[in-house]
Amino acid sequence: MSGTPALVLDNVRAWYGESLVLQGVDFQVLPGEAVTLLGRNGAGRTTTLRAILGLTGRRQGSIRVFGEETLGQPTYRIARHGIGYCPEERGIFASLSCEENLKLPPLFDNGSPGLSLDEIYQLFPNLAERRHSPGKALSGGEQQMLALARILRTGAKLLLLDEISEGLAPVIVDTLGEAIRALRSRGYTILLVEQNFHFAAALCDRLLFMEHGRIIETLTPVQLEDQADRVSRLLSV
Amino acid sequence: MDLFGVPITALMAQLMIGLVNGCFYAVLSLGLAVIFGMLHVINFTHGAMFMLGALLSWAGLHYFNINYWVMLVMAPLIVGAFGILLERLFLRRVYHLDYLYGLLLTLGLTLIIEGAVRSAYGVSGRPYGPPPIAGVTNLGFLMLPNYRLWVIVASLLVCGATWFMIERTRLGAYLRAATENASLVEAFGVNVPMMVSLTFGFGVALAAFAGVLAAPVMQVSALTGQTLIVIVFAVVVIGGMGSILGTVVTGIGLGLVEALTKVYYPEASSMVMFLVMVLVLMVRPNGLFGGGE
Numbered sequence: 001m002s003g004t005p006a007l008v009l010d011n012v013r014a015w016y017g018e019s020l021v022l023q024g025v026d027f028q029v030l031p032g033e034a035v036t037l038l039g040r041n042g043a044g045r046t047t048t049l050r051a052i053l054g055l056t057g058r059r060q061g062s063i064r065v066f067g068e069e070t071l072g073q074p075t076y077r078i079a080r081h082g083i084g085y086c087p088e089e090r091g092i093f094a095s096l097s098c099e100e101n102l103k104l105p106p107l108f109d110n111g112s113p114g115l116s117l118d119e120i121y122q123l124f125p126n127l128a129e130r131r132h133s134p135g136k137a138l139s140g141g142e143q144q145m146l147a148l149a150r151i152l153r154t155g156a157k158l159l160l161l162d163e164i165s166e167g168l169a170p171v172i173v174d175t176l177g178e179a180i181r182a183l184r185s186r187g188y189t190i191l192l193v194e195q196n197f198h199f200a201a202a203l204c205d206r207l208l209f210m211e212h213g214r215i216i217e218t219l220t221p222v223q224l225e226d227q228a229d230r231v232s233r234l235l236s237v
Numbered sequence: 001m002d003l004f005g006v007p008i009t010a011l012m013a014q015l016m017i018g019l020v021n022g023c024f025y026a027v028l029s030l031g032l033a034v035i036f037g038m039l040h041v042i043n044f045t046h047g048a049m050f051m052l053g054a055l056l057s058w059a060g061l062h063y064f065n066i067n068y069w070v071m072l073v074m075a076p077l078i079v080g081a082f083g084i085l086l087e088r089l090f091l092r093r094v095y096h097l098d099y100l101y102g103l104l105l106t107l108g109l110t111l112i113i114e115g116a117v118r119s120a121y122g123v124s125g126r127p128y129g130p131p132p133i134a135g136v137t138n139l140g141f142l143m144l145p146n147y148r149l150w151v152i153v154a155s156l157l158v159c160g161a162t163w164f165m166i167e168r169t170r171l172g173a174y175l176r177a178a179t180e181n182a183s184l185v186e187a188f189g190v191n192v193p194m195m196v197s198l199t200f201g202f203g204v205a206l207a208a209f210a211g212v213l214a215a216p217v218m219q220v221s222a223l224t225g226q227t228l229i230v231i232v233f234a235v236v237v238i239g240g241m242g243s244i245l246g247t248v249v250t251g252i253g254l255g256l257v258e259a260l261t262k263v264y265y266p267e268a269s270s271m272v273m274f275l276v277m278v279l280v281l282m283v284r285p286n287g288l289f290g291g292g293e
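Chains as they are written, first to last, in our numbering: chain A, 1 to 237; chain B, 1 to 293.
None of these hints come from the bench; they were simulated from the model. Treat the hints loosely; a few may be bogus.
[Claimed, not checked] Some chain A residues flagged as far from chain B (calculated, every beta-carbon gap over 12 angstroms): (1) 10; (2) 33; (3) 186; (4) 205; (5) 215; (6) 221.
[As the list claims (entries may be wrong)] In silico contact screen, one side only, chain B against chain A (beta carbon under 10 angstroms); selected entries: (7) 2; (8) 170; (9) 173; (10) 174; (11) 176; (12) 179; (13) 180; (14) 183; (15) 184; (16) 185; (17) 188; (18) 189; (19) 191; (20) 192; (21) 193; (22) 194.
[Claimed, not checked] Computed spacing ranges between beta-carbons, pair by pair: (23) A:137 / B:95: 27 to 33 angstroms; (24) B:101 / A:140: 34 to 40 angstroms; (25) B:101 / A:68: 45 to 51 angstroms.
Where is the CB? At the ideal position from N, CA and C, for every residue including glycine.
Sequences are here, hints too, so could you generate the full structure?
So this is what it looks like as structure tokens:
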């Protein structure tokens, strides 16, 4: 079982309407690994996460989640293989309270227990204070913590996290970094999309660079330091 | 005793009638608002579904001798199932398009349903017969038929139950969340397509329930729903899409406004709703209880 990758993308092509956004994406993530997708805006990183969940238009190729082919499945079935998704826009429901948001995602029937509410509030004490506030009253940082926190209860083992550090104060980014480290030590598998590669390099095992809807380079955090010039060229606009 | 030249008893009588009508408006507009929130479809078939509920209730009694209470449960179930079928076959194909397509599609379906009923039964009203609850209650200012009292109680119960389901249960939380961002709720593993079908089925079942309630007090005909649907649209626009409570309060309030107009200036009674609608939209474009969007 430990040999089965958590996620395999094999020559994945995905469209939005008529335009081909992913042009053959190949990579895999092993259980317990943390991998970051880096790249310029429009390189296809967010689309890769959305394609995994079937939230794009037409898809081709193969996407296996914990060994199961998911390409023909509707979004809700794909999620039930144990995926937790934290979208770039955070997707906090304005009309639900903080705790209602937290309790919204259903628990997966996959035998892997998620974190309890107490554990989540330990990880993010701010959320405990704001538990009865409506979603729309939370600050950007609180919303981001909530977006991450609410997928930890469900028993999801593979987390897809889109730009969680974007636009947040350094102290909040640190909290999120700590949370990710804590999740890694609990065996979660994590696929990050990041703009901030310093944040990402400190947290993950490998960094994949995307351009024009393909993976063009794979580096480890150590290699990243050696090749700082190349990296900034790959990411510069 | 008079109030602005109208005897109090006559005024109260009209207000009670307005309350009964307002209850129909409330139940109908509630279904319409729930459907719009979830499907973003302006459901023109709502009046036809109301008519089908009333017709089924009448047909059950006259052809099969099935009594009112059984049909009060059966008719919404049958119409709800029919609604789910329509959603799966047709509506599902227009969600990604502009609102206008949903409106046109449901208008077309309405014409087909009403046309079919008209060719089978004609347009003349069919009397239901004596209401299932006989007797009158003396309220002091008014002798109110017990059946109308039941209509008020049943409508309020159904509205209350719907409110509870949407605001206080887990299913309701999914529903409210999906109204904001359906694809994210689906990405959490919730079977949103099925929820959408059930929501439409539930919404039209509410319309059918109102139809069964109305059958003994209105004439049942193919066109029963047509006059109502326009008023109910006005209720939803005035109330705004924001809250269930708002929709219910607006429905009942407009029933009362209509009744008062009948007392003081009958000529305007059929258009007073639209006057209110214009005034509300001028001051609050999202309706009285509406939020953003």
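Item to complete: Please confirm whether residue 221 of chain A is truly not at the interface, meaning its C-beta sits more than 12 angstroms away from all C-beta atoms of chain B.
Response: holds (29 angstroms)
Take a quick look at residue 215 of chain A and tell me if its Cβ sits farther than 12 angstroms from every Cβ on chain B, holds or violated. holds (23 angstroms)
*Is the Cβ of residue 33 of chain A more than 12 angstroms away from each Cβ in chain B?*
holds (22 angstroms)
- prompt: Does the CB of residue 193 of chain B sit less than 10 angstroms away from some CB of chain A?
  reply: holds (7 angstroms)
Please settle this one: residue 186 of chain A was flagged as non-interface, so is its CB more than 12 angstroms from every CB on chain B? Check passes; 20 angstroms lies beyond 12 angstroms.
(request) With respect to the beta-carbon atoms only, verify the hint that residue 101 of chain B and residue 140 of chain A lie 34 to 40 angstroms apart. (result) holds (36 angstroms)
**Asked** Since residue 205 of chain A was said not to touch the interface, does its Cβ keep a gap of more than 12 angstroms from each Cβ of chain B?
**Response** Residue 205 of chain A is indeed farther than 12 angstroms from all Cβ atoms of chain B, at 25 angstroms.
Agreement of hint residue 183 of chain B with chain A interface, Cβ distance less than 10 angstroms: holds (6 angstroms)
Verify the interface restraint on residue 179 of chain B: the C-beta must sit less than 10 angstroms from at least one C-beta of chain A.
holds (8 angstroms)
Going by Cβ atoms only, is residue 180 of chain B closer than 10 angstroms to chain A? holds (5 angstroms)
Would you check whether residue 185 of chain B satisfies its interface hint, that is, whether its CB is within less than 10 angstroms of any CB in chain A?
holds (8 angstroms)
**Q.** Beta-carbon spacing of residue 137 of chain A to residue 95 of chain B - inside the hinted bounds 27 to 33 angstroms or not
**A.** The hinted range 27 to 33 angstroms holds for residue 137 of chain A and residue 95 of chain B, with Cβ atoms some 30 angstroms apart.
Hints 7 and 25 from the list above are not met by this structure, while the remaining hints are.
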